[in-house]
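Novice: According to the numbering used here, the residues represented by the sequence shown are 464 to 539, in order.
Calculated directly from the structure, the hints in this document are not laboratory data. Heads up, some of the hints might be wrong.
What follows is a list of derived Cβ distance ranges for each label pair [as the list claims (entries may be wrong)]:
| hint | residue 1 | residue 2 | range |
| --- | --- | --- | --- |
| 1 | P492 | R516 | 13 to 21 Å |
| 2 | C495 | E533 | 25 to 33 Å |
| 3 | G505 | G482 | 27 to 35 Å |
| 4 | G494 | S532 | 16 to 24 Å |
| 5 | P483 | G505 | 28 to 36 Å |
| 6 | P524 | V504 | 12 to 20 Å |
| 7 | P483 | V504 | 27 to 35 Å |
Here a beta-carbon is modelled for each residue, glycine too, at the ideal position from N, C-alpha and C.
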Amino acid sequence: MAELLYAEDPEPCEPGPAGPLFVPVRPGPAGCVARLFRTPVGGRTAVAFTTPRLLSAALGPRQPWIRLSERALRSL
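Between the sequences and the hints, there should be enough to build the whole structure, so can you do that?
Specialist: Following this line, the structure appears as structure tokens:
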């Protein structure tokens, strides 16, 4: 079945389970905090990678990260 995408919706119509995600973090007052990034229009967003290797390739090998489920990441 072909996956349909809509210009206004950056996510697939029927997303499958993401599996474990690797989320960049920074030190915070109570441990670690998800590192937030800016969208092109200035909004804040969290990012996640499907492997630690991809995270390191994008953000460097010294970037700390935690493993989260998609549900946990979306609840942040």
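Novice: All the hints need checking, so say for each whether the structure fits it.
Specialist: Outcome of the hint check:
no. : hint                     : verdict
1   : P492 to R516: 13 to 21 Å : 30 Å, violated
2   : C495 to E533: 25 to 33 Å : 19 Å, violated
3   : G505 to G482: 27 to 35 Å : 30 Å, holds
4   : G494 to S532: 16 to 24 Å : 18 Å, holds
5   : P483 to G505: 28 to 36 Å : 30 Å, holds
6   : P524 to V504: 12 to 20 Å : 30 Å, violated
7   : P483 to V504: 27 to 35 Å : 29 Å, holds
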